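Protein chains in written order, with numbering that gives the first Met the number 0: chain U, 0 to 294; chain G, 0 to 294; chain S, 0 to 294; chain Z, 0 to 294.
One should not assume that every hint holds.
What the hints assert, rightly or not - In silico SDA-like pairs for lysine to any residue, Cα to Cα no more than 25 angstroms straight-line:
id : chain 1 : residue 1 : chain 2 : residue 2
1  : U       : Lys-252   : Z       : Pro-27
2  : G       : Lys-252   : S       : Ala-178
3  : U       : Lys-95    : Z       : Gln-151
4  : Z       : Lys-224   : G       : Lys-252
5  : S       : Lys-95    : S       : Gln-151
6  : Z       : Lys-252   : U       : Pro-27
7  : G       : Lys-252   : S       : Arg-207
8  : S       : Lys-224   : U       : Thr-30
9  : Z       : Lys-224   : G       : Pro-174
10 : Z       : Lys-252   : U       : Ala-188
11 : G       : Lys-252   : S       : Glu-169
12 : G       : Lys-252   : S       : Pro-131
13 : Z       : Lys-252   : U       : Lys-252
14 : U       : Lys-224   : S       : Lys-224
15 : Z       : Lys-252   : U       : Thr-30
16 : Z       : Lys-252   : U       : His-166
17 : S       : Lys-252   : G       : Phe-187
18 : S       : Lys-252   : G       : His-170
19 : G       : Lys-224   : Z       : Pro-27
20 : U       : Lys-224   : S       : Gln-151
21 : G       : Lys-252   : S       : Leu-20
22 : S       : Lys-252   : G       : Ala-24
23 : U       : Lys-252   : Z       : Gln-151
24 : G       : Lys-252   : S       : His-166
25 : Z       : Lys-252   : U       : Arg-25
26 : U       : Lys-252   : Z       : His-166
27 : Z       : Lys-252   : U       : Ala-132
28 : Z       : Lys-252   : U       : Tyr-165
29 : S       : Lys-224   : U       : Arg-25
30 : Z       : Lys-252   : U       : Val-58
31 : U       : Lys-252   : Z       : Gly-232
32 : G       : Lys-252   : S       : Thr-30
33 : G       : Lys-252   : S       : Lys-224
34 : S       : Lys-224   : U       : Glu-169
35 : U       : Lys-252   : Z       : Arg-67
36 : S       : Lys-252   : G       : Lys-252
Claimed, not checked - Distance windows between CB atoms, simulated:
id : chain 1 : residue 1 : chain 2 : residue 2 : range
37 : G       : Arg-71    : Z       : Gly-232   : 40 to 46 angstroms
38 : U       : Arg-97    : G       : Glu-169   : 54 to 60 angstroms
39 : Z       : Pro-174   : U       : Phe-243   : 55 to 61 angstroms
40 : S       : Glu-225   : G       : Gly-181   : 52 to 58 angstroms
The hints are simulated quantities; they were obtained by calculation from the structure and are not laboratory data.
Note that the structure is a prediction, hence the values are computed from the model and not measured.
Backbone N, C-alpha and C fix where the C-beta goes; we use that ideal spot for every residue, glycine too.
Number of protein chains: 4
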Amino acid sequence: MMNNYSIAVAGATGYAGRELLRLLARHPGATVAAGLDSHAAPAAAAGAEFVFLATPPEVSRTWVAALRQTARPPRVIDLSPAFRDDPAAVYGWPEKHRAAIRNAALVANPGCYATAANTALWPLVQAGAIAPAEIVCDAKSGASGAGRGLRQDLHFCELEANCKAYHVYEHRHAPEIAAQSGIELASFAFTPHLLPTTRGLLATHYVRPAAGADLAAVYAAAYGKEPFVRLRGGALPELNDVNFTNYCDLGWKVRADGRQAVIVSCLDNLVKGAAGQAVQNFNLMAGWPEATALA
Amino acid sequence: MMNNYSIAVAGATGYAGRELLRLLARHPGATVAAGLDSHAAPAAAAGAEFVFLATPPEVSRTWVAALRQTARPPRVIDLSPAFRDDPAAVYGWPEKHRAAIRNAALVANPGCYATAANTALWPLVQAGAIAPAEIVCDAKSGASGAGRGLRQDLHFCELEANCKAYHVYEHRHAPEIAAQSGIELASFAFTPHLLPTTRGLLATHYVRPAAGADLAAVYAAAYGKEPFVRLRGGALPELNDVNFTNYCDLGWKVRADGRQAVIVSCLDNLVKGAAGQAVQNFNLMAGWPEATALA
Amino acid sequence: MMNNYSIAVAGATGYAGRELLRLLARHPGATVAAGLDSHAAPAAAAGAEFVFLATPPEVSRTWVAALRQTARPPRVIDLSPAFRDDPAAVYGWPEKHRAAIRNAALVANPGCYATAANTALWPLVQAGAIAPAEIVCDAKSGASGAGRGLRQDLHFCELEANCKAYHVYEHRHAPEIAAQSGIELASFAFTPHLLPTTRGLLATHYVRPAAGADLAAVYAAAYGKEPFVRLRGGALPELNDVNFTNYCDLGWKVRADGRQAVIVSCLDNLVKGAAGQAVQNFNLMAGWPEATALA
Amino acid sequence: MMNNYSIAVAGATGYAGRELLRLLARHPGATVAAGLDSHAAPAAAAGAEFVFLATPPEVSRTWVAALRQTARPPRVIDLSPAFRDDPAAVYGWPEKHRAAIRNAALVANPGCYATAANTALWPLVQAGAIAPAEIVCDAKSGASGAGRGLRQDLHFCELEANCKAYHVYEHRHAPEIAAQSGIELASFAFTPHLLPTTRGLLATHYVRPAAGADLAAVYAAAYGKEPFVRLRGGALPELNDVNFTNYCDLGWKVRADGRQAVIVSCLDNLVKGAAGQAVQNFNLMAGWPEATALA
């Protein structure tokens with residue numbers, strides 16, 4: 000028997016927060032008791048059984064600390080980077096940590112870049128299918144990943160028809176990727192680019208396959224039963240395949256000499272890259288079928 | 000013999016200011032001695048023979064007052080609304096006020112909405128070609144018309160794929176249109192809309208032609224020799240015809256019963272709707288051929 | 000007890016057809032047995048209890064004729080204009096024809112322009128709230144309304160950053176609007192424009208209110224209980240309010256002198272303007288709650 | 000004394016051809032005698048002193064063969080790939096082949112991808128500044144690079160808000176890049192992506208610097224006097240910096256360990272990537288200042 004849970008969402012006015020409300024509105028096991036902005040006090044979530052934090056990391060830290068003091072602490076899914084490397088939290092990437100997520104008190108929901116990159120890289124690293132060499136992740140993301148706050152470079156006239164790289168060699172998410180996929184940060188080049196779109200993230204990876212590695216077999220073994228990873232082989236995925244869905248699509252091509260592969264992963268940064276993955280985690284934590292409200 | 004003039008541009012970091020710099024860079028008769036932001040003091044323009052003000056109206060008023068006190072006041076072209084209804088200034092719409100502009104000390108450059116609407120309406124009113132009835136101007140503009148300042152509704156993610164009407168029955172430019180075209184504000188509906196584009200303004204007008212009025216003949220008489228108005232008859236113009244040019248294109252269709260006409264005017268809000276028209280005015284004031292730097 | 004029906008969709012590769020498949024995939028009362036292209040033979044739908052036709056009008060006519068000859072003719076929802084003025088069909092606009100739709104054998108699903116315009120105009124006409132005068136509907140639509148077929152003006156580079164009016168005084172949907180709303184075609188100006196967006200339709204109407212007419216009261220009486228019309232009064236709706244939903248939002252402003260009103264209606268042309276309304280009709284025909292698969 | 004030349008443009012209705020006409024209209028040394036489509040016979044260019052071919056490669060080959068037979072063969076600038084590896088033509092990249100271009104009878108104008116990549120890579124290879132390792136060029140281009148022909152994936156609704164990689168390991172321009180820059184095709188990964196923009200091309204390169212290599216010094220030596228290459232160092236360029244100009248902008252960052260560098264080059268694919276570079280070549284061939292009509 001599946002329960003209906005009382006939910007609070009903090010940061011409900013941001014892009015990830017609004018997407019959460021949109022998804023939870025369809026969920027038969029979730030009643031959003033409170034949609035709060037980022038300035039609300041944690042007390043406003045009193046009585047909620049689950050709290051989603053779509054808030055800046057410093058706000059998330061304050062909330063988590065406060066909620067732990069309450070008589071009956073709610074279970075928390077935090078969409079910020081605050082707890083992604085904190086052993087007190089479970090990293091909320093179901094494809095790798097499904098079992099631990101089910102019982103977690105605090106889930107650190109992954110970033111959009113990290114989900115795209117890890118989906119491409121982790122199984123290969125796991126299987127020893129990558130030879131030692133530089134790994135490149137050239138990622139392109141829609142603007143909603145940067146949030147709703149006002150910034151000159153997010154003014155419509157500055158971004159329309161534009162494209163740019165940013166945070167080269169300094170993006171905060173590279174360590175998150177390296178840690179989860181088990182690659183050396185020292186030989187991992189991660190370059191995010193801003194696209195003139197609202198949604199969608201496409202990451203193009205360049206790796207050296209290990210001798211004899213069979214990428215298709217590795218991915219099939221890793222994701223063959225996953226509800227939200229679609230393997231497309233040489234039919235490389237594009238943003239329109241995944242936007243407004245919780246899928247992460249994966250395509251790849253190996254160079255004729257076998258010494259390089261291009262791997263493209265693709266997801267909606269607000270869904271599988273944020274709110275959808277959070278709902279997927281909620282489903283696991285709450286005992287609901289994993290795809291509830293996400294199909 | 001044509002002179003080269005020393006120019007100062009205030010407000011050079013805004014969209015209209017940057018467009019001015021782009022156009023003046025090509026002008027053989029203009030040397031931009033100073034590109035200033037909106038906070039610069041008028042003294043920074045000392046020595047300039049012409050000053051362009053691409054500044055908010057209150058800044059323009061301060062500058063004009065200060066420049067008048069100088070020993071050798073420069074001639075001023077103001078792109079703000081500050082002086083558009085001020086008899087001390089000449090309204091800088093060459094198609095109507097060319098002679099007066101040549102000798103003006105202060106030119107009030109028209110707004111983008113006003114230029115589009117007046118180009119469509121004024122010759123008809125002049126010629127008695129419109130019968131008494133409501134006049135509708137349903138206008139659609141790119142976002143650069145709203146300026147470079149940060150606003151939530153100009154965030155890329157808010158405007159991309161969006162469209163909205165705004166300032167219905169309260170837009171500050173409706174009186175400017177009514178005054179220049181000679182129509183009754185009371186029966187003039189002006190509705191601006193925001194388009195998900197950076198540039199371009201398309202205005203769709205609905206008028207009742209007077210009995211026997213010949214719109215094509217009226218427009219040919221008014222604009223046949225104009226360098227920057229193109230008459231397209233039933234081949235209605237679109238933004239791509241005019242963007243990055245100083246043209247205002249005009250098309251029209253009369254309903255079979257003769258009792259209504261749709262007139263579409265179209266221009267680049269940053270060029271013919273702002274900086275290009277300012278350069279056109281400069282050319283007239285400076286004795287250069289009217290199309291210099293605008294072809 | 001609510002049944003699950005076997006469904007065929009013809010024209011499933013077009014934009015409306017794909018949207019239908021997306022919506023029906025979530026519907027607990029619909030099993031899509033066949034997703035067919037526009038060239039499929041009607042026999043391919045054999046056994047279906049409901050057939051959706053997202054096909055050109057001539058294909059729809061062929062299918063309807065063929066399906067009528069079968070032993071157990073399915074009920075048909077046609078998204079093309081083929082049957083919109085045919086008395087053998089029920090015009091599938093639930094807000095006006097809900098009762099008749101429930102029992103219809105053939106539903107003619109309205110066009111996107113017609114739904115937007117009729118939602119704004121019909122209650123006013125019904126209530127005698129519009130005085131005799133020209134009625135203007137200046138409509139702006141995303142490109143998916145023009146279908147997936149290749150056309151030079153729908154090439155990405157031709158439409159991006161562009162906007163244009165088209166089919167002035169000749170659009171095929173003006174009579175559909177006039178017929179449903181009960182207005183005179185002779186004094187109704189309908190001007191469609193193409194927006195540089197994929198989805199969304201915003202229609203700006205200009206009418207003369209009858210003396211003493213209370214638009215808010217008229218709309219509240221007409222739509223107060225409607226699940227998919229949202230009344231927003233002076234907070235004019237925009238595309239982002241309705242895209243990816245089945246809502247038609249309505250806002251309005253009356254000029255201070257009471258002699259003119261601007262009414263803005265807004266919907267997603269692929270949802271409330273096509274596939275969503277078709278599912279709403281299916282729900283009525285099948286006895287499912289009207290919002291099933293549409294929330 | 001500089002001459003005015005009679006010009007014919009074949010392929011004048013395509014995107015590169017139209018851009019050529021736009022640029023040549025401003026050129027004091029060029030009179031476009033004939034703007035022809037791709038189906039015109041070479042005889043239509045009779046009398047022209049220069050012929051620009053903005054045509055498919057097979058058309059260019061036919062034209063070049065035919066023009067060589069004429070009594071006074073015109074000098075030809077071909078924008079297609081037909082002659083880019085043909086020793087009978089000079090490769091029209093002024094930064095490398097300026098001297099040879101001046102006297103060329105036939106110039107093979109480079110592709111947009113090749114110009115962006117070669118600008119980044121060639122000086123480094125020349126100077127021995129790249130250590131042996133895989134070189135990655137992850138390139139993102141606006142849709143006008145794919146031409147004006149109708150294709151499903153260039154339909155507005157398919158490309159808006161989309162992004163995709165294409166022709167991985169099979170793009171025809173990789174050999175052109177390898178040949179001009181002097182890199183091994185076997186260890187060069189070139190991945191083009193389609194952006195939802197009309198113009199602009201941004202290429203992100205990943206290379207291993209040779210021990211002690213000083214990229215800034217190498218680029219300064221190579222391009223310090225170039226009129227159309229701008230060195231921006233760590234301020235990485237973006238599309239809006241170069242669109243509608245003939246500049247190729249270059250920025251770079253070296254990883255802290257010195258073992259990898261990211262180099263971003265950026266240009267307008269229709270200007271420096273096609274028509275602007277063709278005019279630059281014309282200026283060299285005709286003895287006009289190199290920036291004529293390009294500033």
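Right, here's what the structure says about each hint:
1. Lys-252/U to Pro-27/Z: Given pair Lys-252/U, Pro-27/Z is violated - Cα atoms ~50 angstroms apart, limit 25 angstroms.
2. Lys-252/G to Ala-178/S: holds (24 angstroms)
3. Lys-95/U to Gln-151/Z: This hinted pair is violated, its Cα atoms lying about 38 angstroms apart.
4. Lys-224/Z to Lys-252/G: Measuring from Cα to Cα gives roughly 55 angstroms; hence the hint is violated.
5. Lys-95/S to Gln-151/S: violated (38 angstroms)
6. Lys-252/Z to Pro-27/U: Judged against 25 angstroms, a Cα distance of about 50 angstroms means the pair is violated.
7. Lys-252/G to Arg-207/S: The given pair, whose Cα atoms are some 23 angstroms apart, holds under the 25 angstroms limit.
8. Lys-224/S to Thr-30/U: At roughly 24 angstroms apart (the allowed maximum being 25 angstroms), Thr-30/U and Lys-224/S satisfy the hint.
9. Lys-224/Z to Pro-174/G: violated (53 angstroms)
10. Lys-252/Z to Ala-188/U: holds (12 angstroms)
11. Lys-252/G to Glu-169/S: holds (11 angstroms)
12. Lys-252/G to Pro-131/S: holds (23 angstroms)
13. Lys-252/Z to Lys-252/U: This hinted pair is violated, its Cα atoms lying about 28 angstroms apart.
14. Lys-224/U to Lys-224/S: violated (45 angstroms)
15. Lys-252/Z to Thr-30/U: Roughly 49 angstroms separates the two Cα atoms, so the pair is violated.
16. Lys-252/Z to His-166/U: holds (10 angstroms)
17. Lys-252/S to Phe-187/G: holds (15 angstroms)
18. Lys-252/S to His-170/G: holds (13 angstroms)
19. Lys-224/G to Pro-27/Z: holds (24 angstroms)
20. Lys-224/U to Gln-151/S: violated (43 angstroms)
21. Lys-252/G to Leu-20/S: Violated: Lys-252/G and Leu-20/S sit about 40 angstroms apart, past 25 angstroms.
22. Lys-252/S to Ala-24/G: Violated: Lys-252/S and Ala-24/G sit about 45 angstroms apart, past 25 angstroms.
23. Lys-252/U to Gln-151/Z: Within the cut-off at roughly 23 angstroms; holds.
24. Lys-252/G to His-166/S: holds (10 angstroms)
25. Lys-252/Z to Arg-25/U: violated (46 angstroms)
26. Lys-252/U to His-166/Z: Status holds; Cα separation ~10 angstroms.
27. Lys-252/Z to Ala-132/U: holds (20 angstroms)
28. Lys-252/Z to Tyr-165/U: holds (11 angstroms)
29. Lys-224/S to Arg-25/U: Holds. Lys-224/S to Arg-25/U sits at ~21 angstroms (cutoff 25 angstroms).
30. Lys-252/Z to Val-58/U: Distance ~33 angstroms between Lys-252/Z and Val-58/U Cα, so the pair is violated.
31. Lys-252/U to Gly-232/Z: It is violated: about 33 angstroms lies between the C-alpha atoms, which goes past 25 angstroms.
32. Lys-252/G to Thr-30/S: Not satisfied, since the Cα-Cα distance of roughly 49 angstroms exceeds 25 angstroms.
33. Lys-252/G to Lys-224/S: violated (41 angstroms)
34. Lys-224/S to Glu-169/U: Given that 25 angstroms is the threshold and the Cα spacing comes to 54 angstroms, the pair is violated.
35. Lys-252/U to Arg-67/Z: With a Cα-Cα distance of about 44 angstroms, the restraint between Lys-252/U and Arg-67/Z is violated, given a limit of 25 angstroms.
36. Lys-252/S to Lys-252/G: violated (28 angstroms)
37. Arg-71/G to Gly-232/Z: 40 to 46 angstroms: holds (42 angstroms)
38. Arg-97/U to Glu-169/G: 54 to 60 angstroms: holds (56 angstroms)
39. Pro-174/Z to Phe-243/U: 55 to 61 angstroms: violated (39 angstroms)
40. Glu-225/S to Gly-181/G: 52 to 58 angstroms: violated (45 angstroms)
Checked against the numbered hints above, the structure breaks hints 1, 3, 4, 5, 6, 9, 13, 14, 15, 20, 21, 22, 25, 30, 31, 32, 33, 34, 35, 36, 39, 40 and satisfies the rest.
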